[in-house]
Structure formats: structure tokens, C-alpha cells
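Undergrad: So the chains spell out like this:
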Amino acid sequence: MAAEGARAARGGEACGGDRVKALTKDEVAKAFEGLGAVDQPRGNRIRLVTTVDRAREAIGRATTALRCDHLIQMSSADTGKAFDLVYQLTGPHRTVVSIAVEIPRDRPEVPSVADLLPPAGIYERGIHDLLGIVFVGHPGLKRIILNEDWPEGEYPLRKDWKPDPAKFYGGVREGVG
Amino acid sequence: MPEVVIPIGPQHPALKEPVNFKVVADGEIIVRLELDVSYNHRGIEKAAEQRDFVRVVPLLERVCGICSHSHTTVFVKGIEEAMKLEIPRRAQYIRTIVAELERMHSHLLWLGVAAHEIGFNTLFMWTWRDRELVQDMLEELTGNRVNYGINEVGGVRRDLTPALVKASLDRLPYLAERIAKYTAMASKQRTMLLRFQGVGKLTEAEALKYGAVGPTARASGVDYDVRKDDPYLSYPDVPWKVVTDDHGDVFGRTLVRVGELVESTNIVRHCLENLPEGAIRIQPPRAAPKGEVLSRYEAPRGELVHFIRTNNTDKAERLDIRTPTLANWTSVAVSLVGQNLADIPVVVAAIDPCLSCTSRITIVDPEGAETGTMTWDELRAHGIRFYREREGI
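Line by line, the protein sequences give chains U and S. If you count by my numbering, then the first sequence holds residues 20 to 196, one letter each, in order. If you count by my numbering, then the second sequence holds residues -11 to 381, one letter each, in order.
It should be emphasised that the hints constitute simulated quantities derived from the structure, not laboratory data. Certain hints may be false.
No more than 25 Å apart at the CA atoms, straight line, and that leaves these computed lysine to aspartate or glutamate pairs for DMTMM-like [as the list claims (entries may be wrong)]: (1) S/Lys10 x U/Asp168; (2) U/Lys100 x U/Asp179; (3) S/Lys229 x U/Asp179.
Note that the structure is a prediction, hence the values are computed from the model and not measured.
Build the full structure now, drawing on both the sequences and the hints.
TA: Take a look at the structure:
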């Protein structure tokens, strides 16, 4: 079956024991040398904590040296002090490689990785909508999750966000139409 | 012929969630696709931050009407990981049974929808009749047909009696027989071959590059399946295999889904026959220690992810949901380029978008010369007519 060939080409057998070996913490630490601290929260989760200006370099190394070919999620959170952004990647080794960066609240900018990882394009648009993080270099950082009549500059997943009673957040306006 | 922009959507009463596509077409050929999924944002992630772990589960069950069990399982398993709880094996088996039945009803639903989009309504009626059997099993086992309400942090809420197990096992042979029939049809039936083969082609490299997940990726030879890659529930105990295919088109996606129907039937049978004895739940602590969990789950449409942050309270500080459909959009936009306008319904339906669609299509000529309106039904009829004239089906 040709599918078998395709699987072999990626270096793994889907359902046997002899798939590509999981990454070890040391391998990941070696690949990310000079970028930041690496730890292993559990079994197949390995995490690098780095800075905003090294994020693209880290993703570049993850996709080449660590053979990560799948972006699972760009996890985002507001810690109150800063925004956390975690690129969750995996590859034929099935290990989840996380690259965590902290983005300052007063200057919420991070370079876009949509050119390195095309699926990031749509995730970055979502995060921009909800948390107001600006992805510098994104080809079209347009609204995707929030409705078109949502007011500009309001980012509902920020912890300090409160709806302003004077503003209109979309939907049906009472007494209109 | 100048390029025209064709907005499709966002409203369609028959489907779950609205979406809007702007299709740029040159004659019958699609040049580019833009999308807007903003019409159904309900702020569930924000609402989830306000509710404790008992009350957030029913909310998450309502993220989606089809993968309702997926969203609660991925969440409770994440919270259980944060709390470092060991869940009784019997509870894990029951969760697995419901998860695989959910996959079966979802794939049968998809097969029906895909058949409908190509004008093959007989198959649509058959698969939906058989899906009803799966729904009946789910109702017997959990008490509900759609939002099963079986999960809670610490285990499941309802035990299976021996009589229930037997009743479910008795239903499986008939389902297996029907699924075998669909498997045979998918690779032989002439209308399906003509409308599915070569349509919405995605190579293995493209599937990886554009981040496709689930049956969409597996039909292109990418063997990612969270049930194997990051085992959870009772999948490590059950003999089963990841179904892949190398056609990369809608035909391949159909073969993968019917293959998964067979696998799911076997998993359900195995779990029902080997259901361990013991408790179905443990009492969880009220609060979860401070932590961060990336919980992954193979939903019927592909990998579903909940990123959860806990902070020593009984509420999640942050819940970030990445649904499989969002991951698959990029690949749809790519696989539609160069295809016929007539193939939009099939290619879009082929990722099984847990969202929806389209009632009103306005045809706009950028020069402003001509504006017309098409409904999704008309677009579907256009697709059927286009192929009838060209291929005689």
C-alpha cells in the first residue's frame, strides 16, 4: 500500500512500537542553546522559555534541528503583569516542544511567524482580536473572531477588560430597526 | 473573463455555525479564498474563567453540539492532570465508549452531508438512519442524545449496568454490517468516485505545511492521531490502528472516515466487553494547584486542544481552546485554489467544518457591472448540474 510508503518516508510506523524516538530534554536543550532555559514538565512535554526577539530564531531551530512540522496551538494568556504566548509544536517524534515568550503589556508586540509556519496566520489573527497583541509583519492582521461591529481597541480576554456601558458591542440595538 | 468576488455566507439555518467566505473566482476557477468566522463568537473562554470546575463542564459541553463529549473530556482530563488525580479505570473505559460512539455518529453524519452535497440523497438517508442507532445507544448509556452530561472532574456521572452493556453490544453487529456496506460503496460507487476523486487535493507536504489535522491530514498520509501520540483514556489498553490514506483528496478523506468507523466500532466493542469493575468516580479536591496544562484530544474532526492555567482556586485562570476546524481552514483555503466553483460545497464539507455556512451568495463583479445572488442550495444545484452536463451523472 502506498500509504505505508508515505509513512516510512516520514520515518515512522503508525501503529508499531518502532516509531521515531521521542525527544529528550538534552536534545532540545542542545538545539535551543543560547536561547533560554529548557525544562520538562512531564513525559512528552519539553518547554523553552525565551524572549520576544529570540522567538523566531527558536521556531526556526525547532522546525529544522528538532524536525517539528506541526503547530498545535499558539496558547495565549494574560497574567495581569504581561501576556504569555506559547508556541506548541510537535513532529514525527510526537514530543510537544513548547516555546514560551512573555510580552510586556505596555508594548504588546511580537514578530509574526506566519511566514515560517503558515497555520500561525489564522491563530495570530485570533489572538490579536482577543488580547490585542500585535504580530509585526503579519500580512493581514484583520478581525476574525470578534464581530465586525465590535469597537476598536477593546480586547475582551484581557484581565482588566470591562465592558463600557456607553459602547455598542454588536448584536441588536434596542429601539433601533 | 474578469475575476469576481463571491461572498458566501454567513447564515444557513441547517448548519451549526455561520461562516463567511469571500471567494475570488476567475470564471469557474477559484483564485483565492478569504474567510470570516466571527458570526458565532459566544465568549465561552471568558465565561469559563468565571465558573468553578463543577459548573464549567456543562458550559464547555455546549461549545459544540457534535463533539460535546470531546470538549468536556479534554477539559476534565486537563484539570485532573493539574490536580494529579488517578481516575478509576472503569470511568476511563466509559469515557472512551462515549468518545468513540461520538466519533461514529459524527462520521456517519459527515458521510450523509457529503452525499447530500453531491446530490446523492439516498446515501444521506441511509447514513442518517444508521446514525440514529448510535444516538439511541448514546441515549441509553448516558441518558442524553446530544450533550451527554457524562463527564465531571474525577470520573463519570453514570454507571453502566450489565443490561445496558448487553443492549449496546447487541446493536453493534448491525452497525458493523452497515459500515461494511458504506466501506464497499466508498471505493466503488460511481457518483462518489466522480465527485470525490481528485477534488480538494492536498499533498502530504501541504497537509503538514498548512497544519491540517484529523481525517483531513490522515487522508494525505500524515499519521498524527493524538490517541496514539499522546495516549489518554483507555486507548493504550485497546487494540486499534490509525487509519491513513494517500489519496489526499475528498475520496481519501471518505476512505479514512469509513475506516475510522470500523475502528471505532471495534474499540466500543472491546471496551464494553472488557469493562473493568470498580468505582466510576473519585472525589476531587475543590481547587487545582497553580499550573499549566496543554490537554490534547482526538476529536472526530481532528486534534482538539485546551490550554488550561490554574491558580490554586476552583476556577481556571485561562482556558484557550483551539478547535480542529480552525486548524483545518488554512488547508481548505489552499486546496480550493484552482478548483471549480462547483466543488466548493464538497471541499468545504470534506473537512467536516464544525461550523457552517451559507445561505446567501452574492455574485459581485469588481467592475461593478453585475451583481447577482445565489443561495447555498443554488450553489449545490450548480455543482450537481455542472457535473451532470460534463460527466453525465
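Undergrad: Given the hint that S/Lys229 pairs with U/Asp179, test it: the Cα-Cα distance must not exceed 25 Å.
TA: violated (47 Å)
Undergrad: Given the proposed pairing of S/Lys10 with U/Asp168, does the C-alpha separation stay at or below 25 Å?
TA: holds (19 Å)
Undergrad: Would you mind confirming whether the straight-line C-alpha gap from U/Lys100 to U/Asp179 stays at or under 25 Å?
TA: holds (11 Å)
Hint 3 from the list above is the single one not met by this structure.
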